Every structure is written in C-alpha cells, then in structure tokens.
Amino acid sequence: MSESANEFETGRYLYCVVTVDDETTTGEELARTGVDDEPVYLVVEDDLGAVVHACDALYDAADPDVVRKWLLDHQATIDAAGERFGTPLPFQFDTILTGDDDRVREWLTEESATLTPHLDALADHWEYRVEVSRDDAVLDEDLTADDDRLAELADRIESAGEGTAHLLETQYEQRLDELRHERQAERTRELAERLEPHASEVRELSPERSTTLDDDTNDDDAGGATTQARASVLAHESDEEVIGDVLDEVAAESGVEVRFTGPWPPYTFAPTFDE
Amino acid sequence: MSERGGPTRRSDSLADVVEMLLDKGVVINADIAVSVGDTELLGVQLRAALASFETAAEYGLEFPDGTDMRRVEAASDRTPVEELDDERDEPVINESGSWLSEPPITSDESESDDHAKPPSQPGVGARPRVGERSDVETDENEDGDDGDDEPDETGEGSDDED
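So the protein sequences, as listed, match chains A and B. Take the first sequence: its position 1, counting from 1, is numbered 0 in numbering that gives the first Met the number 0, and each next residue is one higher. Take the second sequence: its position 92, counting from 1, is numbered 91 in numbering that gives the first Met the number 0, and each next residue is one higher.
A portion of the hints provided could be inaccurate.
[Said to hold, decoys possible] Derived coverage of chain A by chain B (criterion: at least 3 residues anywhere in the stretch with Cβ under 8 Å from a Cβ of chain B; other residues may be distant):
{"#": "1", "stretch": "25-31"}
{"#": "2", "stretch": "84-90"}
{"#": "3", "stretch": "134-143"}
[Said to hold, decoys possible] Examples of chain A residues lying across from chain B (beta carbon under 10 Å, computed):
{"#": "4", "residue": "V16"}
{"#": "5", "residue": "Y40"}
{"#": "6", "residue": "V43"}
{"#": "7", "residue": "H73"}
{"#": "8", "residue": "D93"}
{"#": "9", "residue": "E126"}
{"#": "10", "residue": "R193"}
{"#": "11", "residue": "H197"}
{"#": "12", "residue": "I242"}
{"#": "13", "residue": "L246"}
[To be verified] Have a look at the derived ranges for each label pair, beta carbon to beta carbon:
{"#": "14", "chain 1": "A", "residue 1": "T108", "chain 2": "B", "residue 2": "T7", "range": "31 to 41 Å"}
{"#": "15", "chain 1": "B", "residue 1": "T7", "chain 2": "A", "residue 2": "A150", "range": "32 to 42 Å"}
{"#": "16", "chain 1": "A", "residue 1": "T163", "chain 2": "B", "residue 2": "T7", "range": "22 to 32 Å"}
{"#": "17", "chain 1": "B", "residue 1": "T7", "chain 2": "A", "residue 2": "G160", "range": "27 to 37 Å"}
{"#": "18", "chain 1": "B", "residue 1": "T7", "chain 2": "A", "residue 2": "G223", "range": "43 to 53 Å"}
{"#": "19", "chain 1": "B", "residue 1": "R9", "chain 2": "A", "residue 2": "T25", "range": "29 to 39 Å"}
{"#": "20", "chain 1": "A", "residue 1": "A120", "chain 2": "B", "residue 2": "T7", "range": "46 to 56 Å"}
{"#": "21", "chain 1": "B", "residue 1": "R9", "chain 2": "A", "residue 2": "D45", "range": "32 to 42 Å"}
{"#": "22", "chain 1": "B", "residue 1": "R9", "chain 2": "A", "residue 2": "E109", "range": "22 to 32 Å"}
{"#": "23", "chain 1": "B", "residue 1": "R9", "chain 2": "A", "residue 2": "E189", "range": "33 to 43 Å"}
{"#": "24", "chain 1": "B", "residue 1": "R9", "chain 2": "A", "residue 2": "G26", "range": "15 to 25 Å"}
{"#": "25", "chain 1": "A", "residue 1": "S158", "chain 2": "B", "residue 2": "R9", "range": "26 to 36 Å"}
{"#": "26", "chain 1": "B", "residue 1": "T7", "chain 2": "A", "residue 2": "K68", "range": "35 to 45 Å"}
{"#": "27", "chain 1": "A", "residue 1": "D62", "chain 2": "B", "residue 2": "T7", "range": "24 to 34 Å"}
Just so you know, the hints here were simulated from the structure itself, not pulled from any lab data. The model shown is predicted, which means the values in this text are computed figures rather than measured ones. C-beta atoms are modelled at their ideal positions from N, C-alpha and C, and glycine is treated no differently.
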C-alpha cells in the first residue's frame, strides 16, 4: 500500500453482499483472508450480509504483481463467500465504505430495496465468459475468397508496375481490415444469438479487452489468431453444460478456438448505485 | 477448447479477472471512496484515448489526413457510449476513472445532504461519477476545502446552473 494521502480513520473494504441464513451474525469470519491478508468477516443486517475487512487506506500500488495478487485475493474471497452463501453481488475492486460496521449496517438497510431483489434474481446464476478466436491465416483466406473487391485488387496488383502495386497493396490491406471488423461484429452477433436461448442474459463484449494489466501479452496474437467475438453470459448453473455443448459446436469449425471461463460471480450484471 | 462441455478457470483466466474487477461489479457513487491510482489507470488510459476521438469528432475537429476513420469509429463504439454522454466537458470519461483527471484528494462536489455527511477526511472524498452531475447539488464548501482551486461561491457557478 502506498503511503499516499488516501487514508482515513476507519473504513470497510467491501467484497460482496450475500443473502445470509439465520445463524449468521456480524463478526463471523470467512475461512480465508482477503486482500493483503486481512481477516474477512461478515456484517449482517436482517438477511443481508456484507463481506468486509477493516482498512484505513485505499489499495494502490505501482507494481503490477502486487495488484495482480490483490485482484486474485479479492476474487478468491468472493468465491469463498459464494460457496458459503450462494451467488453473491460482487463489488468492484477497491470499493471502500468509510466508517465502521454500524455504517455498513446502515448502508445495507438503506439499500435493501435494491440489494434484495438483485440477489433474488441472481440466485443460482453465474457469469460465464466466452471468447471465440480464429486462426488468422484461415480467416484471411475466407475473407479474400468471398470478396470481389479484394479479388479485383489482387488482379490489378499482379499486372501493375512497382509504384502502383504498392498503392494498390495499401488499398488491399485497408479493405481486408474493414472486412475483418465487419466479420467480428457479425461473429459477435452470431455468438450472442446462439447463446441467448440458454441464458438469462447475454452481453456482447468488444473483441478487445477494455482493461489489461501491464505487459500481458495477448495469447491469441502469439498463436497467430485474432479474437472474433466475446460475450458475457448470465446463466443458471444448471444450463452450464448446455452452453458448453453449444460452444463445442462453435469450436468445431476449422481454425476456431473457444475459451469458456466461469462460473464467475455476476460482475457484469451487478447493479450500479447512483446516489 | 481444451475441456469439452464445461467452463474452465485456469491461470489464463487472470485476464478475465482483471477486466471484471477493475471494470465491473457493484459500483457505488456516494459516500464512498472508490479510487486507485495506477491500478485503474491501466484501464483508463485506453478509454481516455478512445474518448478523445469521440470528443474531437463531436466538436468537429479534424483528424490528421490519412486517419482511418473506420478504425476510429470502431474504437469509439467500443467505449460505453452512455458514459461518454455525461462527460462532455471532461477529458476523462469513464465512471471508474473520473477522478483521474484531478488529484484524487478533494472533498468538493461530494454528494447531496440527504445522505450522511460529507466525508470528513479529504482523502476519502467521493468522486462524483457518471450521472451525478445532472442530479446532484454540489458544493456546500463548508470548510473551504483545499485542493479546490475554483473560487466558486456557494451555490453559484455550480455545475447545475443553467
């Protein structure tokens, strides 16, 4: 943690909110420690429980390894809570409520009208992430085979002089790029359509990640493949297998690879509180 | 895919974890400090760049010759557009990063009075986030907080003035 001015006297780092049973009381500890090895416990108000640890500063570090460790700690803590209490409402990393347990309880009371319906709706539902990538060579072959404009440019390049050929090649690349983008959009739509019958909700994601952590080299690039489509799926846990089967069909196409991760706490489907 | 049927959570899932935890999850706007320097910057730099395209386009600025506009458009499509809408006058766009354009330590513009008192420590000032701008009375500036160089008088010149 940096010794920046981002400090306060009392705060509670929030991991998630869960629906608790009658036996759970404030102070009950979770079986694992959280971010920065802090002991994690529950603050209970009625049937809502906030999973927290006490802190007096924001979590901030320049070292990606430290951040990575924190993120995994955060995730693992929410996993543990999910295992114990069912689908949690996960908080964004580094969400801190200033104040003590009483303040957390107040917040739970204030927001119970929002929290409870969300928890009920999400019960036994988890988030799954799907990423479809396509081998670059196969993809380009497909694109060139289907496009008249590219065929025409290719012909002209062959019969053109050196200078003209160079310009035409630039046009060729631009056209190819355009087709790649079109194809990505198309693929993303297709993927969402195939998943929708088995999911409560599907969100199309941009093929490129919005967030990366340092020099994360993109595995797909390394393998000569480009991400064609990404989607975030909210599904009942009993539908996980069906979705896997659908994805197997998608993966059966030549040059196509599918990454299917989960079950995650429903990060993408958690509410935002505008106060 | 390596394991037929079911989902996986292997080491290469870290990218998913990073994206979800920095970007998604329950987000709270008031009475709460949600802020991390470098951690979020990683995500925000990209979004800031995308937003500047959009902002530039909006104000009719010209892109350099040779800019591939399709790419720019594709790029700005990727940013959550609704977030951009509220932030016309700020260079930084997204809800999880709006404090980055300013020092993280200000307690001005903290939220309305019907929700608990404004944080007493400057370090925990809630940065107002997307959406707040429109419906929040800002600035009571009761104790002349430092870090705020705008000499705005109470009430006047606040964001909500029409």
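Results of checking the hints against the structure:
Coverage of the stretch 25-31 of chain A by chain B is violated. Counting CB-CB distances below 8 Å, 0 residues qualify, and the rule asks for three or more. Given a C-beta distance limit of less than 8 Å, the hint that chain B covers the stretch 84-90 of chain A holds, as 3 residues qualify and 3 suffice. Counting residues of the stretch 134-143 of chain A whose C-beta lies closer than 8 Å to any C-beta of chain B gives 0; at least three are required, and the coverage claim is violated. Restraint check, A/V16 versus chain B: the minimum CB separation of about 7 Å is within 10 Å; hint holds.
The closest approach between the C-beta of A/Y40 and any C-beta of chain B is roughly 19 Å, which is over the 10 Å cut-off, so the hint fails. Annotation: A/V43 was flagged as interfacial toward chain B, and the flag is violated, the nearest CB pair being 18 Å apart, outside 10 Å. Because the smallest distance between the Cβ of A/H73 and any Cβ of chain B comes to about 6 Å, under 10 Å, the interface hint for this residue holds. The closest approach between the C-beta of A/D93 and any C-beta of chain B is roughly 5 Å, which is under the 10 Å cut-off, so the hint is satisfied.
The beta carbon of A/E126 is positioned within 10 Å of a beta carbon in chain B (closest approach about 8 Å), and the interface hint is therefore held. The interface hint given for A/R193 is broken, as the beta carbon of that residue sits about 15 Å from the closest beta carbon of chain B, more than 10 Å. Among the interface hints, the one on A/H197 is violated; its C-beta lies about 13 Å from the nearest C-beta in chain B, farther than the 10 Å criterion. Nearest Cβ of chain B to the Cβ of A/I242: about 8 Å, under the 10 Å cut. The hint holds.
Given hint, A/L246 at the interface with chain B, holds; its Cβ is 7 Å from that chain's nearest Cβ, closer than 10 Å. Checking the proposed 31 to 41 Å range against A/T108 and B/T7 shows it holds: the Cβ atoms sit about 39 Å from each other. Under the hint 32 to 42 Å, the C-beta atoms of B/T7 and A/A150, about 40 Å apart, fit the expected range. Between A/T163 and B/T7 the Cβ separation comes to about 50 Å, which falls outside the hinted range of 22 to 32 Å.
For the pair B/T7 and A/G160, the supplied restraint of 27 to 37 Å is violated, since their beta-carbon distance comes to about 53 Å. About 22 Å separates the C-beta atoms of B/T7 and A/G223, a value inconsistent with the hinted range of 43 to 53 Å. Evaluation of the 29 to 39 Å hint for B/R9 and A/T25 yields a pass: the beta carbon distance comes to about 36 Å. As the Cβ distance of A/A120 to B/T7 is approximately 26 Å, the hint placing it in 46 to 56 Å is violated.
In this structure the supplied range 32 to 42 Å holds for B/R9 paired with A/D45, their Cβ-Cβ distance being about 38 Å. Distance hint check: the CB atoms of B/R9 and A/E109 are about 40 Å apart, inconsistent with the given range 22 to 32 Å. For B/R9 paired with A/E189, a C-beta distance near 26 Å fails the hint of 33 to 43 Å. The hinted window of 15 to 25 Å between B/R9 and A/G26 is violated, with their beta carbons roughly 35 Å apart.
Checked against the hint of 26 to 36 Å, the pair A/S158 and B/R9 fails, with Cβ atoms roughly 51 Å apart. The supplied range of 35 to 45 Å is broken by B/T7 and A/K68, whose beta-carbon atoms lie about 21 Å from each other. Remark: the range hint 24 to 34 Å for A/D62 to B/T7 is upheld by a beta-carbon distance near 28 Å.
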